[in-house]
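S.K.: Now for the letters of each chain:
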Amino acid sequence: MAAPAVKAVRRWSGLTLGLRSVVLRLPGVTQVRWSRYGPEYRDPQVDKEYYRKPLAELTEEEKYDRELRKTQHIKAAPAMKTSSVFEDPLISKFTNMMMKGGNKVLARSLMTQTLEALKRKQFEKYHAAPAEEQATIERNPYTIFHQALKNCEPVIGLVPILKGGHFYQVPVPLADRRRRFLAMKWMITECREKKHRRVLMPEKLSHELLQAFQNQGPVIKRKHDMHKMAEANRALAHYRWW
Amino acid sequence: TMLKGMTRLISRVHKLDPGRLLHTGTQAPQNLAAHLDDQVSSERRRAISRTSENDPVKTFNEACLMVRKPALELLHHLKNTNFAHPAVRYVLYGEKGTGKTLSLCHIIHFCAKQDWLVLHIPDAHLWVKNCRDLMQSTYNKQRFDQPLEASIWLKNFKTANERFLSQIKTQEKYVWNKRESTEQGSPLGEVVEQGMTRVRSATDAVGIVLKELKRQSSLGTFRLLVAVDGVNALWGKTTLKREDKSPIAPEELALIYNLRKVVRNDWNGGAIVLTLSQTGSLFKPRKAWLPQELLGKEGFDALDPFIPILVSNYNPKEFESCLQYYLENSWLQHEKAHTEEGKRELLFLSNSNPGQLERLCACL
Chain A
1 MAAPAVKAVR RWSGLTLGLR SVVLRLPGVT QVRWSRYGPE YRDPQVDKEY YRKPLAELTE
61 EEKYDRELRK TQHIKAAPAM KTSSVFEDPL ISKFTNMMMK GGNKVLARSL MTQTLEALKR
121 KQFEKYHAAP AEEQATIERN PYTIFHQALK NCEPVIGLVP ILKGGHFYQV PVPLADRRRR
181 FLAMKWMITE CREKKHRRVL MPEKLSHELL QAFQNQGPVI KRKHDMHKMA EANRALAHYR
241 WW
Chain B
1 TMLKGMTRLI SRVHKLDPGR LLHTGTQAPQ NLAAHLDDQV SSERRRAISR TSENDPVKTF
61 NEACLMVRKP ALELLHHLKN TNFAHPAVRY VLYGEKGTGK TLSLCHIIHF CAKQDWLVLH
121 IPDAHLWVKN CRDLMQSTYN KQRFDQPLEA SIWLKNFKTA NERFLSQIKT QEKYVWNKRE
181 STEQGSPLGE VVEQGMTRVR SATDAVGIVL KELKRQSSLG TFRLLVAVDG VNALWGKTTL
241 KREDKSPIAP EELALIYNLR KVVRNDWNGG AIVLTLSQTG SLFKPRKAWL PQELLGKEGF
301 DALDPFIPIL VSNYNPKEFE SCLQYYLENS WLQHEKAHTE EGKRELLFLS NSNPGQLERL
361 CACL
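Chains as they are written, first to last, in the working numbering: chain A, 1 to 242; chain B, 1 to 364.
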C-alpha cells in the first residue's frame, strides 16, 4: 500500500498530464472509489456503426469529434465490454451482481439459462392460450427482464441520519443508479435466501421475474414496504439537508 | 443431456406416428425423392431438445427435423439394401454437436414409417455408468445384470413396436425360475411382459428379445433396424465396480454382451446404424471424434467392415434455413437477431456448429 501512495506523491509534485485533481463532490462525503484516469480521458467508442459510417455522411460535429479523438487520451475498454449487437448493459450488471468469487462463467451461464427458462415458460403459455390472448403474451425475455426490474425500482428510499445521538430513517429521493441497484439487489437476495435450497437459480429467478413483470410477488412487496416506511417517516424529512 | 431428450422424443415419435407428426410424415417421401441429389435447402427443421424438460413439442407444438446430406445418403443406401446379404453397418461419426444423434432419429423415423422393426438403444453410455443395482446374473455366473436399465429399455421397446410383439413367436422354451416359463411358439410380447413385471429377470428378457429378433429377421417376415447411439460404450471401459472394488469390463455386463452379438454382421434381413459419441463416453479425451480414437482397437476390429458417414457442421444454406426456422417460430426474440449483423455474429460465434447455434439461440 505504501508504493502507490509514494507514486501518487511523486505525481502530485510533478503535476504531469493524467493527474487526478481533487474534486470535492459533497460536503462530508469522501471519495473511496476512484479511477486512475484523469478527467481528460475519454470513454472508448465500441459501437461498430460509428466507425462504418462513410466520410461523406458525417456532419461537421462528427468530423470534429473524430479529429479530436485522434489526439486525445482514451481509456482502455473494460474486458467485458464487447461490440456485439446482443450486448445489454443491464444484463451485464445483473450478471456481475450474481457472480460469486469471480466465477463469471457460472454467473453468465445462470443468466442465459434464466433467459431461456423465461422464454420457454412464455412459449408454453402462448400455445395454451386462445387466439385473442396470444397477442398480449410477451415472449421476449429481454423486455420481461427490463420491465420487471423497472417495476421493482423504489421511487423513494430511506437513509439513516445521525441526529442527537440517535439514528433516524429519513425518506430521501434516490438517484437512478441507486434505484436500479436496489431493484437488482432485492431480486437476487430474494431468490438466494427466501427460496428452497434445492431449487436451481434459473428456475427461481425466472419465476420471480415473471411475477415482478406482472407487478406481483415478494420483490414488489418489498418495494411497497419501503414506500410505506417512507410515508410513515414523513415528518423526519426535515432532517435531510441536501 | 441431449440424448435423454432423444429417448423420450423417439418413443413419442413412434407412438404419435399417425397423429401429431402428420405434416412432417406425409411430406417425407416426396421430400426425399426431390432432394436426393441437390443441396438440401430443407423444409423440415427441428430445434434440438437438450434436456428432457425442454421439449420441442411443448415449445413449438411440433417436432421437426432438418433434412441433411448424411441422412439422405444413408436413406439412399437403406432403400437399395439387398436383404439376402448380411446386414451392413453404417457408422455416423463427426465432431461434437454436428447432428449425429438427430440423423439417427431421422433414419429411425423413416424406417418406422416403412414398417421396419426398430431396435433403438438411445444411449449405450447409460448402460456402462452410474448403475445403482448391479446383480450377479442368474443365467451365467460370470456376468452382471442391470435390472433398472433393462426394464426402462423394455418399456420403450414395447411402446415403439407394439404390433410386432404379437406377430413374432419365440422359437425356444425359456424357463425363468421354478414356477414360471415361456413355452415355445408364444408371442414375444409375453417375454417383454415377463421382463417388465419381474424386474430381476429383465436383463435376461432383453437378451432373449435380441437373440430371437436376430434369428428371425433372416426369415424375412419383417425387417430389422438396429440403431445404437454411443456405440463406443460397448468397447470402452466401465465405471462400475464389484463389491471388492475391482473394475468390471464391458463384456461382463449381460446387456453389453448381448448387444455386441446383435451388432455383429452375421445375420441378414435388415441394417445396423450406429453413432459414435464422445459426450457420454468414459476415459476418452474431449477432442476425440474419429472412429479409431473413440472405438479403440478392439471396437474398430469388431466393427471392421463398416460404412463411415461423416456428419459435419452446417453449410451456409443449412445455417440460413435453420435461422429461418427459428425466426418463423419466433424463437429468436431479440430485435437484433433479425438483422444481417446479428446473423453474421451468430455464424461467427457458433462456427456453423448446430449444437452451439442451438445453445446461443436459446437465450436470444
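Take these hints with a grain of salt, some might be off.
Said to hold, decoys possible - Label pairs and their in silico Cβ distance ranges:
id, chain 1, residue 1, chain 2, residue 2, range
1, A, F181, B, E162, 38 to 48 Å
2, A, R198, B, R242, 26 to 36 Å
3, A, P130, B, E62, 10 to 20 Å
4, A, K100, B, N351, 46 to 56 Å
5, A, K125, B, Q324, 50 to 60 Å
6, B, Q324, A, Q216, 34 to 44 Å
7, A, H224, B, K287, 50 to 60 Å
8, B, L327, A, N103, 25 to 35 Å
Said to hold, decoys possible - 20 Å max Cα-Cα, derived EDC-like pairs, lysine to aspartate or glutamate:
id, chain 1, residue 1, chain 2, residue 2
9, B, K58, A, E133
10, A, K48, B, D244
11, A, K121, B, E358
12, B, K141, B, D244
13, A, K121, B, D55
14, A, K53, B, E340
15, B, K336, A, E203
16, B, K343, A, E87
17, B, K336, A, E61
18, B, K58, A, E116
19, A, K48, B, E341
20, A, K53, B, E358
21, B, K343, A, E133
22, A, K48, B, E340
23, A, K125, B, E341
24, A, K121, B, E345
25, B, K58, A, E203
26, A, K48, A, E61
27, A, K81, B, E345
28, A, K121, B, E328
29, A, K125, B, E345
30, B, K336, A, E87
31, A, K81, B, E62
32, B, K58, A, D88
33, B, K58, A, E138
34, B, K343, A, D47
35, B, K336, A, E124
36, B, K343, A, E49
37, A, K48, B, E345
38, B, K336, A, E133
Please keep in mind that the hints were generated in silico from the structure rather than gathered at the bench. Glycine is no exception: its CB is placed at the ideal position from the N, C-alpha and C atoms.
S.K.: Just pull the numbers of the violated hints for me, sorted ascending.
M.R.: 1, 4, 5, 10, 15, 17, 20, 21, 23, 24, 29, 31, 32, 35, 38
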